[in-house]
Structures are given as structure tokens and as C-alpha cells.
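*Asks:* Input sequences plus hints: build the corresponding full structure.
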Amino acid sequence: MKPFTLTLDNRAKLTGLTNLPALLETAPKHVPLIVGLHGGSYSSSYFDADTKHTASLASNGLGIPFVAIDRPGYQGSTSFYPIPEGSSFPETSADWLHRFILPAVWKEFGLPRGCNSMVLLCHSLGVPGALIAAANLDQTPVDEPASYPLAGIIMSGFGTQPIQDARPPLGVGAQSSEFMEFSPKVKDAIVMPEGTCDPALYAETARLNKLFPSREVDDIWVAWLPRWKTEWTTRVRVPVMIGIAERDGFWKGTEEHVLELKETFSGSSRVEGGVIKGAPHNLEMSYWSQGWYARCFGFGMECAASFAASNWR
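Under the UniProt record's numbering, the residue at position 16 of the sequence shown is numbered 16, and the numbers go up by one with no gaps.
No wet-lab data here; the hints were simulated from the structure.
Some hints could be false.
Result set (SDA-like, lysine to any residue): computed pairs, CA atoms no more than 25 Å apart in a straight line [stated by the list, open to error]: (1) LYS13 <-> ASN209; (2) LYS13 <-> ARG113; (3) LYS210 <-> ARG247; (4) LYS107 <-> MET1; (5) LYS107 <-> PRO21; (6) LYS185 <-> LYS252; (7) LYS13 <-> GLN161; (8) LYS252 <-> TRP221; (9) LYS13 <-> LYS29; (10) LYS262 <-> ILE163; (11) LYS13 <-> GLU181; (12) LYS2 <-> THR18; (13) LYS277 <-> GLU256; (14) LYS252 <-> ARG207; (15) LYS29 <-> VAL222; (16) LYS107 <-> GLY86; (17) LYS29 <-> ASP9; (18) LYS229 <-> GLU260; (19) LYS107 <-> GLU85; (20) LYS13 <-> GLU108; (21) LYS29 <-> ALA308; (22) LYS52 <-> GLU260; (23) LYS185 <-> ASP198; (24) LYS107 <-> ALA200; (25) LYS13 <-> GLY73; (26) LYS13 <-> LEU24; (27) LYS52 <-> GLN290; (28) LYS229 <-> ALA135; (29) LYS29 <-> GLU260; (30) LYS185 <-> ARG247.
Just so it is clear, the structure is predicted and the values come from calculations on it, not from any experiment.
*Replies:* Quick look at the structure:
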């Protein structure tokens with residue numbers, strides 16, 4: 001994938017990776033721009049871990065453009081610290097996504113490629129900000145043009161039923177009050193234990209590991225878990241696809257957890273999901289990677305077609 005840097009309307013920098021394949025004759029009539037939002041302690045390179053574990057395979061094969069952003073505070077993307085008083089990390093993330101990041105990504109990569117819509121592919125701590133942003137779309141006046149045409153959300157590695165004491169243990173490393181380090185060796189045992197991924201990937205995990213904002217984890221307990229059902233998930237209107245890994249080290253990999261998630265998206269036009277048997281937290285870096293990406297891009301194309309159909313009526 002190729003790196004990019006954008007300057008947002010608030011003068012912040014946004015970095016990331018793109019895979020913009022040539023338009024195929026066999027490409028669908030309605031093409032989505034799929035945007036990847038990585039989880040905590042990773043960056044956009046999570047979606048391009050190596051030549052086998054990369055979104056570019058599905059992107060090139062189907063002719064669907066893919067953009068992976070570095071979320072605020074990661075790599076070269078400007079941090080939104082300090083978080084405004086009265087807000088939280090996922091809420092501020094949602095605000096930046098909605099007002100600055102997604103409009104800029106759409107203008108730079110979606111419109112020029114002839115895409116008709118945008119679908120978010122979210123992993124782990126990349127999920128809550130995306131869901132809150134989608135929920136807040138219901139506050140946009142009907143007669144106001146959308147600054148980005150959101151058509152669907154895909155989520156994995158995140159939920160509403162954490163495993164008890166699931167806060168990530170921190171290894172020895174560079175830490176401050178704002179940013180912390182998750183030891184790669186400790187992390188690997190949790191997010192992709194032995195038997196769930198190509199052993200060669202363990203040689204890449206130190207390179208892929210990034211400092212992460214401490215509030216990002218803390219506010220899952222402070223803001224997300226107490227408020228997800230009453231304030232956010234019921235207001236999401238776009239289609240949602242949920243993948244819960246059976247061997248997720250942070251969230252319960254059960255059908256009951258999936259059912260709770262599916263039921264809470266009561267306002268969504270379409271909800272599907274299930275437990276991915278045997279899979280670990282890091283689906284995109286596991287033996288399930290290519291199958292998962294194929295499903296995600298397929299769902300994205302269906303969302304794009306449904307988005308077009310809804311505009312015809």
C-alpha cells in the first residue's frame with residue numbers, strides 16, 4: 001500500500017495507507033470506498049501486515065479502493081489531546097471522524113474514484129468512535145448535503161461484554177500520562193495466540209506495535225460500557241456486520257454476546273453477525289484473514305448497492 005498525508009479543515013494532519021486499484025471491467029456498478037480504522041496500539045499498517053495479511057488482496061481482486069487511516073495520535077496523525085472537558089475519547093474520536101476525517105478522505109479518495117458510498121471497516125478500539133459518529137448522523141438536517149455518504153459499518157474485536165479484567169496488561173516500555181506501550185510479547189499471547197496465525201507474523205509484531213493513548217482504554221470503562229445502549233447503538237441507521245472471534249482475549253466470544261449486539265442495533269436497516277469459531281482477536285492477522293477480508297469487501301459492495309437503491313426510491 002502507499003502512504004498518504006492530508007491536511008484537514010482544522011489544520012490537523014491525517015496519515016495512512018491507500019490501495020487504489022485500476023477500475024476493473026468486472027467491478028460492480030456501485031463501488032464503495034472502504035475505510036479501515038485500526039485498533040489500539042496499531043496503526044494503518046495493521047491492514048497491511050505482510051503480503052498475505054493485507055486488505056490489498058481483496059481490494060485488487062475486486063477493484064474496490066481501500067484507505068486505512070492512522071487514527072488521531074497514531075503515526076503522523078495529529079492527536080486531539082487534550083480531550084474537551086465533559087467529553088470522552090470515543091466521543092472526541094467520533095467528532096473528528098464526522099467533522100474532519102471522513103469528509104476529507106471521501107473528497108480525496110472517494111469522489112475522484114467514482115465511488116457512490118463509504119463503508120467503515122473497524123477493528124477493536126477503532127469501533128466505538130465509528131459507531132458514535134454513525135449514531136450522530138441522525139442529528140444532521142435532512143435537507144443538508146452529507147459530507148460523506150456512509151453506507152455501512154463492519155466491526156470486529158469489540159463489543160459490550162468484556163472478559164473480566166480485560167484491560168490490557170502493559171509491559172515495560174516508553175510510557176507517559178498520555179501515551180503508553182503494550183508489550184508486543186504480552187500482546188501477541190492475547191490477540192493472536194499460537195495456533196491462530198502464521199508463526200512468521202510474530203517477527204513483525206514489534207514493527208507493527210505503536211504507543212497508544214491511555215484514555216483510549218480507560219474511557220471504554222468510563223464512557224462506552226455505561227452508555228452504549230442508551231445513547232449510541234440504537235441510533236445507528238446504516239447496515240452493520242459484526243464479527244466476534246471465539247478466542248478473543250478481551251471480549252466474550254459467545255453467541256449470546258453476538259445476539260445482544262445484534263438486538264441493540266434496532267434502528268439499523270440491516271444487521272448480521274456471528275461468532276467466528278476458533279479465531280483470535282486480530283482477525284486480519286490470523287489464518288482467517290483472507291476469508292474475513294473477502295466477507296468484508298462483499299458486505300461493502302452490498303451496502304453500496306443498497307445505498308444506491310435507497311436513493312432511487
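*Asks:* The structure should be examined with respect to each hint, and the outcome stated for every one.
*Replies:* Do the hints match the structure? See the list:
no.	hint	in the structure
1	LYS13 <-> ASN209	21 Å, holds
2	LYS13 <-> ARG113	22 Å, holds
3	LYS210 <-> ARG247	23 Å, holds
4	LYS107 <-> MET1	19 Å, holds
5	LYS107 <-> PRO21	17 Å, holds
6	LYS185 <-> LYS252	22 Å, holds
7	LYS13 <-> GLN161	34 Å, violated
8	LYS252 <-> TRP221	16 Å, holds
9	LYS13 <-> LYS29	33 Å, violated
10	LYS262 <-> ILE163	19 Å, holds
11	LYS13 <-> GLU181	22 Å, holds
12	LYS2 <-> THR18	5 Å, holds
13	LYS277 <-> GLU256	14 Å, holds
14	LYS252 <-> ARG207	28 Å, violated
15	LYS29 <-> VAL222	44 Å, violated
16	LYS107 <-> GLY86	31 Å, violated
17	LYS29 <-> ASP9	31 Å, violated
18	LYS229 <-> GLU260	10 Å, holds
19	LYS107 <-> GLU85	31 Å, violated
20	LYS13 <-> GLU108	14 Å, holds
21	LYS29 <-> ALA308	10 Å, holds
22	LYS52 <-> GLU260	33 Å, violated
23	LYS185 <-> ASP198	15 Å, holds
24	LYS107 <-> ALA200	38 Å, violated
25	LYS13 <-> GLY73	10 Å, holds
26	LYS13 <-> LEU24	32 Å, violated
27	LYS52 <-> GLN290	8 Å, holds
28	LYS229 <-> ALA135	11 Å, holds
29	LYS29 <-> GLU260	35 Å, violated
30	LYS185 <-> ARG247	17 Å, holds
Violated hints, in rising order: 7, 9, 14, 15, 16, 17, 19, 22, 24, 26 and 29; the structure is consistent with all others.
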